[in-house]
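In case you want the letters, here they are:
Number of protein chains: 2
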Amino acid sequence: NVALQERDGCKSLYAVQAERLDQAERSVLISCNSRTNEKKFLKFLSTHGNIKKYFFYESYGTHAVVEFANRESVASLFEITTIPSISHESLVPFKSRLLTLRNLGLDNLPNQLSGQQSHSQTTIPINQLIQNLSGEESMDQQIISLTKAFQLTEENSRLRFLVCSLLKDIAAAFFPECTIKPFGSSVNGFGKLGCDLDMFLDLDGISGRDTKLLKLGMSLEYQMKMANSERAVTQSILTVIGECVDQFGPGCVGVQKILNARCPLVRFAHQPSGFQCDLTANNRVAMKSTELLYLYGELDPRVRYLVFTVRCWARAQGITSSIPGAWISNFSLTVMVLFFLQKRSPPIIPTVDQLRDLAGPADKSVIEGNDCTFVSDFSKIQLQSNTETLEQLLCEFFEFYSTFAFKRMSINIRKGKEQNKPEVSPLHIQNPFETTLNISKNVNATQLDRFVAVCQESSWLVQQNKKPTPSAGIKGNAFAPWGLSSLLLPSQVEGIKRKGKK
Amino acid sequence: NVALQERDGCKSLYAVQAERLDQAERSVLISCNSRTNEKKFLKFLSTHGNIKKYFFYESYGTHAVVEFANRESVASLFEITTIPSISHESLVPFKSRLLTLRNLGLDNLPNQLSGQQSHSQTTIPINQLIQNLSGEESMDQQIISLTKAFQLTEENSRLRFLVCSLLKDIAAAFFPECTIKPFGSSVNGFGKLGCDLDMFLDLDGISGRDTKLLKLGMSLEYQMKMANSERAVTQSILTVIGECVDQFGPGCVGVQKILNARCPLVRFAHQPSGFQCDLTANNRVAMKSTELLYLYGELDPRVRYLVFTVRCWARAQGITSSIPGAWISNFSLTVMVLFFLQKRSPPIIPTVDQLRDLAGPADKSVIEGNDCTFVSDFSKIQLQSNTETLEQLLCEFFEFYSTFAFKRMSINIRKGKEQNKPEVSPLHIQNPFETTLNISKNVNATQLDRFVAVCQESSWLVQQNKKPTPSAGIKGNAFAPWGLSSLLLPSQVEGIKRKGKK
Ligand SMILES: Nc1nc2c(ncn2[C@@H]2O[C@H](COP(=O)(O)OP(=O)(O)OP(=O)(O)O)[C@@H](O)[C@H]2O)c(=O)[nH]1
Ligand SMILES: Nc1nc2c(ncn2[C@@H]2O[C@H](COP(=O)(O)OP(=O)(O)OP(=O)(O)O)[C@@H](O)[C@H]2O)c(=O)[nH]1
Ligand SMILES: [Mg+2]
Ligand SMILES: [Mg+2]
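Chains as they are written, first to last, in this note's numbering: chain A, -3 to 498; chain B, -3 to 498.
Honestly, the hints are just simulated from the structure, not real lab data. Where hints are given, some of them may not hold.
Treat identical chains as interchangeable: a pair holds within one or across any two.
Simulated crosslink set (DSS-like; lysine-lysine; CA at most 25 Å straight-line) [to be verified]:
| no. | residue 1 | residue 2 |
| --- | --- | --- |
| 1 | K376 | K417 |
| 2 | K437 | K221 |
| 3 | K403 | K49 |
| 4 | K413 | K48 |
| 5 | K221 | K253 |
| 6 | K49 | K211 |
| 7 | K413 | K91 |
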C-alpha cells in the first residue's frame, strides 16, 4: 500500500515548521551575480563559519541562500559587511540579513552558475506542461507529473521560511519573543510554485510571566498602551510593522496596509524572493486549518495529487483566480476535494470529528471559543483500504460535483456528510473550526454555476479524450492533448453550458 | 573673581552628556503611589542590584527614577515584571523601562513620601515668585534667586536624559548604534523647569565600517532602501519612529508627525515626565549651537543669570510665547543677550571667531559645509576682567536694545559687532554657524516694536522702582514689588508706547 509506505517518518507540521524556522534564523540571503565563481564564493563565506546548506536561485537576478551551522556565523559575516558607498547620504541605514555580494574582476568571466545549479522559483508555462503531460503513459502518471512540476521545491520552501525570518527581525525589534510563521499553501502541502506567502505574527510567547512574584507585598508591571479591543491591538501592531516594512525593508515594495479587513493584514511584494506576501497577526485559527490540511495531505498521497490537480485544473479553467472575488478560493476548493475523499466508499480520509476523537490531552486546542482539537500523532490514524486510482478519483470528483445538491446542502468535512444548509448562500462550505461560518460565502450563483458546468464538461471531456493508441500516436500527433492535458485547455463551458448535462 | 572660581572643573557639554546618557541607560522610571513605603521600596529593588541614585517626583502622581549601578540590574528587574492582567487582551505588548509598582495593603497607610522627598518638576507661580523676590536684599540677589527658582534641577535633568533613553530603546530596535541626545534649553544651561525637551536622533554611529574588507576579490554590502535625499531619509525614519511612539509608546500621547517642516520632527507629550517632546533627526548644527550656548554659560556665571532673567522677563511681558509665531524665540533672545555681553567694555565673553581661533585640531567640525569649529577646552579661554554687577548689566541690556539700530544693523555674535543687514527682515540675527541664515526671520515689525517698547519701559521702571528703604518697608508694604519684581508684572507697554522714549 503506497499510502502506508509514504506515511512512515511523518512529522507534524508543527515539528516541520520549528526545524525550518531554525534553519532560516541561521541563513542569509545574498544577491550575487550569475558570473560568480561558486567555489570562491563558498570559500569566502566559509571563513565565517560552517555552511550547512546553500543554493543559488534565479529571480530577476541571481541570489544565494546560505545556511550556516551556527547563528554566530551571521554575526561574524556582519562584521565585514559594509554600508553601500554610493549615494551614501540617502540610504535608510537599516541592516538586515539581505546582502549584496560585490565581486571584483567579473567582467571577463563566463557565466559560472549554470541553470542546473541555479534553481528556478517559477513553474513551467501551462502550454508546455500540457505538452509534457501528453507524453505520459497514463492519466495517473499525468497527475503525478503535474504535481511534481508545480509543487513547492525544497529550495522554495526554505526561501519562504527565510523571508518570514527576515520579517521577524523587524517585528522582533519591538517584540523580542515573537515569531513569524508561514501558513496557508506555503506550508499545507498544496502550494504551487509562485503562490503567495501567508504569514502570521505570533505574539503568544510574550504573555510569558503572568503570575506576580510578590516580595515585601510589592510587584512590578510593564506600562503598556491600551486599545479598545484585541482587534485594535492587531491593527496597531500591523500599522507599525507595515510602516517599517515600507520605509526600511530592503526589497519590500508596494506595501499596502489593509487594516479594516475581517482579518487585518499588511500586503507587500518581496523582490529578492519574488513572493507576494500577506502578513497577519493573531490568526491562530488559520494556522490550525493549515495544520489540518497538512495532515490530510500526509495521510494518503492521493490527497495531495488530487488537490494539486483540481487546483491546477480550476485555475486553467478560470474557476479560481489569483485575485479575490466572487469565485471559489483555493482554500474552498481544497475543502471540497477533502469532502469528496471522505465520501468515497470506503472513505480515503477520516472526518474532522474522527480526528478530534483520536486526539490526546496534549492536542487539546480551543481558540476564541472554537474547538480546534485534532490528533497530532499520525500513527493513531487507521485508514481504510480504498484502492481507487487517481484517474478514477478525478473522474469521480467531476461527476460528484456535477450532480451535488448545492441548492439544499452544505459541505461539511467535520461530519464527512452533507448537511442541510443553515443559510441561503449559493455555495455553503462549513468552516471546520469556526463552525458557524461559511468559508465560501463570497461565491455568487454565477460562479457556482460555472464551477458545476466546468465539472460537467470535464467529466465529459475526460471520457472522450482517452490516451491515443500507440499507432495513432506515432502518426504526427504524438502529443495531442489527452486525459489531464485536455482538461487544462481553455474551457468551452460558455458554449456547452446551454447543452445541459451530457 | 566669582567667574573664575566657578569655572574650575568645567566639563564640556559633550562630556556631561555622555555621563548623563550612561546613567539614563541604567535607570528605570516607576509610577508608584504617594503612600509607598520608601524603605521597603528600596529593599524590594535592591534585590536586583545596587542602586546608585534614586528620587521620587510628582507629576500627575508619584513616580520614581531609580538608577542602578549596572545595566544588568534592569534585566534582572524585567525578569519579575509582569504584563498587566487587567484587560490583558487589549494591551499592546511592548515592553519598556516604564513600569508600575503594585503595592498590596496600601489602603491603611498614611502618605509616606512627604513633599520634601518628592521633587516637584514645575516652577512656582509667577505671582509667588514676584512676592519672594521682593523680599531679597538687592537686585543682584533677586536675579540669582530667580535663576535658582527656575533653572532645571538635578532631578529634572536626569529625567530628561531618561526620557531620551526610553525613546532610544524604540529607535535602537532598528538602529542599534543610534543615540538620542537632548539639545536646546534642556542642556544648554538656560532651560527653565517645564521647558520642552528637544531631542535629536544621532545615527552617525551606523556609518561605522566604510572600508571594504576584500577577501578573494569579494566583499559584502547590506541592501538598504534608497531615498531621494537625506531629507527624505530623515522623514522616513521619523515616520516610523513617530508611528511606534504613537502605537506602542506607553505614556506617549498627542503624537504629531511634522515632517514637512524645515527641520522634520515628531512632537508628543510624555505623560509620566510631563515633558512636551520634539524629536528631530540629523540635526547636528543645532547640537553645535547648543554646545556653544553651554560654553558661554559656563564661562562666567553672569551669562546664565542674565539669560535666565531676560528669558523670564520676556515671557512675563508677553514678548516670547510657548507657541511659535512672529515673536522672538528664546533662542534669538539668548543670542541677543550674548551679543550684548560681547559688546561690554571690556567684553564679558569672547566672540565665536575668537573661540574658533582657540580651537585645537580635534575641535574641527564642518557640518554640511558650515564651519562649526570652536574650542572645547575651556581652560584655553582667557576672559577680561569686567566687574559689572548683574543689576548694572540688566539695566544696560534694556538701554542697549532700547536704542539699537535694528533698522540697519544685524546682530552678529561671530564678530561680536553689529554688521550691515544683508536683507530686509525687521530683526536680523546671524545664525552663528549657518552664517547666511537669520535665526529671527520669523519676527515681524510689530513684535520687534513691542520688544523695543518693553525694553524702554523696563529701563524706566527699574530706575523708578528701587528697593524701598527699610523704614518704608516695615509699614505694611514689606513686599511691594521693586527691582526685578516690578519688571515681571504685566507690561503697560500698549499705554507707554505712544509716549515715546522716556
Ligand atoms: N477560516 C477561514 N480561513 C481562511 C479563509 N480563507 C483563507 N483562510 C485561511 O488562510 C489561509 C491562506 O489563505 P489563502 O492565501 O487565500 O489560501 P491558500 O490556501 O494559501 O491558497 P493560495 O491560493 O495558494 O494562496 C488558508 O489556507 C486558510 O487556512 C476563510 O474564508 N475562512
Ligand atoms: N540654527 C537655528 N537653530 C535653532 C533655531 N531655532 C531653534 N534652534 C536650535 O534648536 C534648539 C531648540 O529650539 P527651541 O526649543 O525653540 O529653543 P530652546 O533653546 O530649547 O528654548 P525653549 O524655548 O526653552 O525650548 C535651540 O536651542 C537652537 O539650538 C533657528 O531658528 N535656527
Ligand atoms: Mg495563500
Ligand atoms: Mg526647547
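Each hint, compared with the structure:
1. K376 / K417: The answer is neither: 32 Å in one copy and 91 Å across copies each exceed 25 Å.
2. K437 / K221: neither (36 Å within a copy, 41 Å between copies)
3. K403 / K49: Neither: 53 Å inside a copy, 76 Å across copies.
4. K413 / K48: neither (48 Å within a copy, 71 Å between copies)
5. K221 / K253: Both: 21 Å inside a chain and 19 Å across chains, each within 25 Å.
6. K49 / K211: So K49 and K211 pass the 25 Å test across copies only (21 Å; inside, 50 Å).
7. K413 / K91: Answer is neither: 53 Å inside a copy and 49 Å across each miss the 25 Å cutoff.
Checked against the numbered hints given earlier, this structure breaks hints 1, 2, 3, 4 and 7; the rest are met.
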